[in-house]
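Q: Here is how the chains run, residue by residue.
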Amino acid sequence: MTSPSTALTTGDPGHAVVEHSPTAGLAHDSRGGISNPILGMLLFICSEIMFFSGLFAAYFSVRASTTPWPPVQPKDLAEHFNLHAEPWFAGILTLILLTSSVTCQMAVWAIRRDDRAGFIRNIGVTLVLGIVFLIGQVYDYATLGFGISDTTFGTTFYTLTGFHGAHVFGGAVMLSVVLYRGLAGQFSARHHDAVEATSLYWHFVDVVWIALFSTLYIL
Amino acid sequence: MATTTLTPAASAYRSGLYEWITTTDHKKIGILYVINSFLFFFIGGLLALGVRTELAQPGLQVLTNEGLYNQLFTMHGTVMIFLFIIPMLAGFGNYVVPLQIGAPDMAFPRINALSFWMLPLGGILLLMGFVTGGAASAGWTSYSPLAQDRVGQAVNDAAGTGQDLWIMALVLIGTSSILGAVNFLVTIFKMRAPGMTLFRMPILVWTVLVTSVLVLMATPVITSALIMLFIDRNYGGHFFDPVSGGNAILWQNVFWFYSHPAVYVMVLPAMGMISEILPVFSRKPLFGYKAFVFATAGIGALGFSVWAHHMFTTGSVYLPFFSLMTFLIAVPTGVKMFNWIFTLFRGKLTFSTPLLFALGFLSMFLIGGINGAFSAAVPVDFALHDTYWVVAHLHYVLFGGSVFGVMAGLYYWFPKMTGRMLGEGLGKVQFVLMFVGFNLTFFPMHQLGLAGMPRRIADYAANAGWNDLNLVATVGGFIIASSMIPLLWNIFISLRAGKIAGDDPWEANTLEWATSSPPPPYNFDHLPEIRSERPLFDLRHGRAGTH
Amino acid sequence: MSSTPGSRPSTTAIIGWLIAAAVLVAIVVLVALNAQSVWTSFFPPEAKSVQGQEIRNLYDIVFAIAVVIFVVVEGLIIWTVIRYRRKPGDDELPAQTHGNNLAEAIWTIVPTIIVIFLFVISWQSLNKIETVSATPDLKVRVVAGQFQWSFEYLPADADAKSKPIFTVNAPLGPDGGLVLPAGQTTHLYLHSLDVIHAFYVPQFLFKRDVVPNTDAVHDNQFDLAIPASGAGQTYRGQCAELCGVGHRIMVFEVHALAPADFQAWYDKQSAAASATPPPAPSGGQAGPPVNVTAQGVKFLEATLTAPAAGFTFHLDNKDAGTPHDLDVLDAGGAKVFDSKEFPGPAVRDLPVPALPAGTYKFECSIHPTLMFGTLTVQ
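Protein chains in written order, with this note's numbering: chain A, 1 to 219; chain B, 1 to 547; chain C, 1 to 378.
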């Protein structure tokens, strides 16, 4: 089987390669366009969108089969079910998360310019805002007068916001890793896929919250 | 990060257990997938034998506890779908796809290893139900409110920890699938060798691509459903609880939104494997390559709009729409059937074992497609739904289709994976036993269903007229089980003393045969020029044969 | 540069083909001997309801088309496989055909036409089956609970939530089951007390899920008409949606009566229901109590002991909505004590007359496979 064949990128056999590296010595996988980690993150976000679509579908289905909405029974909980009454706290949380999305994007722009100090400053602020959001969420849970087993309202509310909260937590962990690696000087204008991917994820979490806020608190 | 020199191919597969556990090589991970899936295939098969043994005769002979019967068929379905077929096909995809597109590995090797190791973990979680007071027993579909109930254990059996373990296992396996799908998609989009344009990709790669899109879009939805079920069961939630404003049918909607596309996840890669094998053994290109690609994409797209055909009898779905969509999905499937037949047409067929299993796929999947159309006609579905007809239909698709495809793929790629051929004689014995046993088991189920035998019953009246057909089905089940003996024996002796395969024992068309068997780490030292979907054919015969 | 794999027939392969041939011959012989019954087994049972006959007509059309498609395509596969075997030593390449637009267009368009035809005829027959009469002759609510059917006969102006005139609690037997007038139309509501069940009568070729709902107005409903020729017939029905360990025993019967017979039965039932319930039988020999608890479709007691002079079962049925009774059978299986079932949660005292000393079996006659035990009378 020695016929015309194109010489391949690995070069000669026996040439030292770095094991367990996806790109081990091969040139042709970086053919321009978006990088593997960013494409991977975008696809993963697609699946996350479907996950929340499932939860939202359940919310609207359950809401449709519970009349009136919010439920007026049991009486001792009915007034707590009306989240419209004071949306200001959730509104503040929304502002916090929106702001963090902005700072996150500023961090991305900074690292694209190779402005490492600006990048670390903005990522730090984003992380702090994320943590503040989570604390606010916990505080909100503690003050709400109903629990997850209190009618379909409680079940849907805590499930939707809870899983969003879990995603914020996941995002905060990713931001911490990015911050740590940034402090260790691992990112530059050329190599910062992890930053781009994390910021995409953070924006996604933000968008989900806007949908949640509109649905649960306003609609 | 350890730096090592490239090891020669021969020693790469004799490395120790530790190397296998920590490997991120897509080929080793692929083989792990295959081995793991076979283990669960045998477990699922034993569970099925328990079911068939009980049903051989009217009366309760083997299982005095009917709750245990419910556990058996629930776990049979769950194991076969989530721990055998889906991972088995993912395993072949893992092994073959990077090779076929000329890539050194998957895009994310470590995530690849992670997705694999979630599977045995999920499987153990699932099976632990048997030793913690009863496995899940609400059917693999786990309809709510039955599966939701934690009270009245004696009535439901779904009250035990088994159902919670089932949920956790499925979330884990689902996560594994999603990560795997992301990995496949990035690999296919970003890691193709120079010259490997989208329309030169082997059909198997196309089917894995469409499958991955289905997994990516559908699996998260069942994850959300499983989480809702878990909340209902353990934290007093009310999603599926009609007493408190929940919606019992909601579970079916979200469940089937995943589980119908999952049928295509289970059958599309098997179709891809068949589409690799038929051209090789008829020495012709696949007839209508582009039509095949579009048909695959069409099945994928339509696959999202037919889920409610599992719910025609619930009275809660808009029947004409889902009926029409279900009928329409037969069209791209029919296109594929004719493409396969016309690949054989005027070919020169060599009846090696892979081709036999591929032909088994063709002839059996045809039945699975036709009897599916009966249920698309809503009024006929009113008669057939939840009877043994449906059991026959789904096995003709998933066994007659996917399992025959997997067997074809195993005989076809075993030489590449191990460097040795599987024996042809034993292979043919296995094929005959499996083909005969399969038809004896599942064909009579059509008639049982028409005669009114519902699914999921441990016993039936002796005067119902179902005795003979049930006995035939049970005998067939044991013949299928016996077909595993020549397979295992074949693998055992072939690994030790099978014929040495060489790079390309089948005169095949695609890139995996352009490297050694088994391939070295990172797969290729040299790639042939890629000018069509059959680079090796071009290498052998020049471009003369193609137009 | 090429090898020819798998061209030598091996002994094992020959044995394999022999097995296959033997099985094939056996199947052909068996089928030939029973040609008539094999042919009928490919069809549903003869339809005994008007709606079922509609479904059967549709089935016959779908079946005919399916058989034609199967024979043509499977025949094409087999013919191609036999015709285009590679001869030993033939190393020439066949023509490398990549496709044919005309052929591909044909096998896309023709199946599309076939499936659209099938869709249209199935939609038409669906519309006929789903048609609901504005003035049905009878309204019945079928109530399903784990693992029991009961049938509530509703007033003529009833809706899904109306109270019944009377209820038939037993799903089987001459005094139980769904009793319907032949030659008339009945409107059925399906109501679930717990999980999803399915109302399935094979001879009606029909099933519909019994789905638990927040509000009974969403309960499934449909019309069922048994032709006049069905008078005097009994049809077997069964739950078709897995509903727990007792799913299998959830069977019922449909009795079709001639309209006059039905009216007599109906009047008797409604008279019995409106009569004031008789005072609890105060049997003279009400003996000491023997406690029995039914919970989760199980008796919590596996063995009971009672005095021969007579005693009273104190039956505590804790299963909401599920009726139980308590019968005593002697060693030969004959029923020596029979009580009437009642739904839980409720407690009843069931006085038992004097029994000869010995060992008996007690059971709930509605759930005999799940609820039984041993009674020792001393």
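Calculated directly from the structure, the hints in this document are not laboratory data. Be careful, since some hints might not be right.
As the list claims (entries may be wrong) - Derived lysine-lysine pairs resembling BS3-like cross-links, with alpha carbons at most 30 Å apart:
1) Lys-340(C) <-> Lys-361(C)
2) Lys-75(A) <-> Lys-361(C)
3) Lys-499(B) <-> Lys-87(C)
Q: Mind checking the alpha carbons of Lys-340(C) and Lys-361(C) for me, to see if they're no more than 30 Å apart?
A: holds (17 Å)
Q: For the pair supplied as a hint, Lys-499(B) and Lys-87(C), is the alpha-carbon distance within the 30 Å limit?
A: At roughly 23 Å apart (the allowed maximum being 30 Å), Lys-87(C) and Lys-499(B) satisfy the hint.
Q: Is it true that the CA of Lys-75(A) sits at most 30 Å from the CA of Lys-361(C)?
A: With a Cα-Cα distance of about 51 Å, the restraint between Lys-75(A) and Lys-361(C) is violated, given a limit of 30 Å.
Hint check: a violation occurs at hint 2 only; the rest are consistent with the structure.
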